[in-house]
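The lines below spell out each chain.
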Amino acid sequence: MTGARALIAIVLALAALLLGRPAAAHQATIAVLEFREMRPGAYIGRWTTLPKDGVNRIDLKMPPHCFLRLPELNCGDKGLVGQMTIANLGEDMSAAIIRVTSLAGETRSYTISASNPVVTVLGTDAPTLDTWLELAKTYVNLGIDHILLGADHLLFVLGLIWIVQGGWRLLKTITSFTIGHSASLAATAFGWIGVAEAPLNACIALSIVFVGVEIIKQQRGETGLTARYPWAVAFSFGLVHGIGFASALAGLGLERRILPAALLFFNVGVEIGQILFVLLVLALIWAHRRLGAALPRWGAEWPAYAIGSVSMFWFLGRLARVLAAA
Amino acid sequence: MSRLLRTALLAAVLLAQAQIADAHIVSARLGDFYAGALHPLLTMQDVVVWIALGLLAGSLGAAGGRWLVMVFPLGLCAGLAFAVGSGVAPASPLVDAATILVLGLLLAAALRIPVTLLSAIALLLGVIRGAANAGELGPQSDRLLYAAGLAAAGYVTITLVMALALTLRRPETEPVSSWRGIAVRAVGGWVAAIGLMMAGLSLAP
Chain F
1 MTGARALIAI VLALAALLLG RPAAAHQATI AVLEFREMRP GAYIGRWTTL PKDGVNRIDL
61 KMPPHCFLRL PELNCGDKGL VGQMTIANLG EDMSAAIIRV TSLAGETRSY TISASNPVVT
121 VLGTDAPTLD TWLELAKTYV NLGIDHILLG ADHLLFVLGL IWIVQGGWRL LKTITSFTIG
181 HSASLAATAF GWIGVAEAPL NACIALSIVF VGVEIIKQQR GETGLTARYP WAVAFSFGLV
241 HGIGFASALA GLGLERRILP AALLFFNVGV EIGQILFVLL VLALIWAHRR LGAALPRWGA
301 EWPAYAIGSV SMFWFLGRLA RVLAAA
Chain L
1 MSRLLRTALL AAVLLAQAQI ADAHIVSARL GDFYAGALHP LLTMQDVVVW IALGLLAGSL
61 GAAGGRWLVM VFPLGLCAGL AFAVGSGVAP ASPLVDAATI LVLGLLLAAA LRIPVTLLSA
121 IALLLGVIRG AANAGELGPQ SDRLLYAAGL AAAGYVTITL VMALALTLRR PETEPVSSWR
181 GIAVRAVGGW VAAIGLMMAG LSLAP
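Chains as they are written, first to last, in this note's numbering: chain F, 1 to 326; chain L, 1 to 205.
Hints were generated in silico from the structure; no laboratory data involved.
Glycine included, each C-beta is placed from N, C-alpha and C at the ideal position.
Do not take every clue at face value.
Unchecked claim - Rough simulated footprint, nothing fancy, chain F against chain L, three-plus residues with beta-carbon under 8 Å: (1) 57-67; (2) 108-122.
As the list claims (entries may be wrong) - Interface residues of chain L toward chain F, partial, derived using beta-carbon atoms under 8 Å: (3) Met162; (4) Ala163; (5) Thr167; (6) Leu203.
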């Protein structure tokens with residue numbers, strides 16, 4: 001697995017560089033706009049979470065029959081039905097949530113993101129095929145974004161690949177991780193379980209520390225827990241990471257009737273991203289083996305120490321937040 | 001070097017990077033990381049040069065190619081740093097075309113290039129393409145993330161292309177006159193033709 005070591009050394013060197021960058025809070029990149037129907041077709045709206053770059057920068061377009069001049073929104077007899085668009089979402093604001101509360105008191109939420117700048121507001125009729133397709137597009141993309149931007153999740157998967165070293169054991173391990181995070185993602189999204197985000201993030205970092213220690217054990221010829229029962233470790237920590245995935249959906253305030261579908265599509269997106277990452281890592285391991293590009297013997301343990309150091313750094317930072325909030 | 005010293009050195013390097021302890025990178029500005037990674041992969045000059053360089057290195061055998069795994073991404077970072085530091089992001093269509101032409105000719109001629117020279121060529125090309133990619137850095141861009149993305153894309157592309165070329169060409173066991181060797185040389189001819197066309201276009205009034 002010398003190829004993998006060389007690969008991980010390079011990846012970790014990049015990760016160490018990224019560590020030094022200040023990071024804005026996830027919540028700060030999502031703006032929330034709420035509309036309340038005051039009489040049929042007429043709404044009053046306000047930003048409950050302001051866009052990071054200010055309200056004026058947001059290029060919000062409502063359905064053509066609607067007239068918008070905040071705080072007023074007038075859609076006439078048709079009501080608020082049709083497409084809403086924000087075309088200029090980007091790196092400084094990843095998504096905007098629009099909540100619409102009808103006269104009857106029912107609240108619906110719509111998420112507009114840079115990858116899906118258009119959402120369709122449904123009437124009270126049953127959803128159509130187009131609606132489902134749009135829902136799939138939105139949440140599959142959201143899932144892919146979430147996993148590909150989640151360096152901690154990817155680092156954990158990278159550690160598993162290193163320990164398990166490929167083949168059927170890797171397939172079983174990754175499948176176990178998938179089952180674990182899918183189960184806890186669903187349980188959290190449906191509100192069956194709930195964990196505060198700050199301690200959860202600390203636990204996720206700790207799971208990567210664990211993987212780093214397991215790699216060192218393996219290199220010293222010891223048989224660690226992950227080497228013996230990789231599927232069990234992957235499943236257990238998958239449960240933790242799945243709750244973390246759910247935090248991406250938690251703030252969206254999804255309608256109950258679309259929650260199962262949104263959850264399914266989001267999870268499909270997460271799996272697509274995860275499979276792409278695993279395939280890329282396996283391809284690079286193969287390439288390193290083919291080229292004979294390996295770390296020198298004296299540097300063989302550096303990647304594992306780097307995994308441990310990076311994740312412990314994350315853990316301490318997150319633990320400090322937990323303690324500060326307590 | 002003792003294990004303790006190595007560990008301490010690594011920890012010092014990591015801690016030297018430490019700023020704000022917020023590492024759930026879902027929240028970080030990884031938009032710039034992916035911008036750095038994807039921009040060259042969507043630019044023809046980069047795609048052609050990177051693939052041609054990988055094919056050239058891979059066709060020379062594993063011993064020649066393995067150094068490029070480190071050298072080429074380092075060259076990209078050095079070029080980007082130079083361009084950012086000097087405030088100059090050189091972009092010359094004629095230089096791009098000449099680079100592609102020379103790489104294509106080297107590939108087509110199946111020359112046995114020494115490892116040192118190949119590494120020097122890779123470093124130089126990395127510096128040139130790294131500097132060229134600095135043109136996409138906006139005032140709001142996070143330069144470190146962009147550089148990390150650029151280096152990651154360079155590393156992944158060059159490593160995979162070299163390994164594929166090595167697998168296809170089998171330079172250790174087959175002569176350049178084998179059909180595999182001829183196929184790789186033919187690709188070199190196409191690359192050279194692309195360089196010629198680009199040179200013609202850049203010189204056209």
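- Item | Hint validity - L:Thr167 Cβ closer than 8 Å to any chain F Cβ | This hint holds: L:Thr167 lies near chain F, its Cβ roughly 6 Å from the closest one there, short of 8 Å.
- Query: Would the hint on L:Ala163 stand, with a C-beta cut-off of 8 Å toward chain F?
  - Reply: Hint on L:Ala163: holds, closest Cβ of chain F at ~3 Å, below 8 Å.
- Assertion that chain F covers the stretch 57-67 of chain L - criterion: three or more residues, beta-carbon distance below 8 Å: holds (count 4)
- Message: Given L:Leu203 as an interface hint, is its Cβ closer than 8 Å to any Cβ of chain F?
- Response: violated (38 Å)
- Message: Count the residues of the stretch 108-122 of chain L whose Cβ falls closer than 8 Å to any Cβ of chain F, and tell me whether that reaches three.
- Response: With 0 residues in contact (Cβ-Cβ under 8 Å with chain F), the coverage given for the stretch 108-122 of chain L is violated.
- Answer holds if the nearest beta-carbon of chain F is closer than 8 Å to that of L:Met162; otherwise answer violated. holds (6 Å)
Hints 2, 6 from the list above are not met by this structure, while the remaining hints are.
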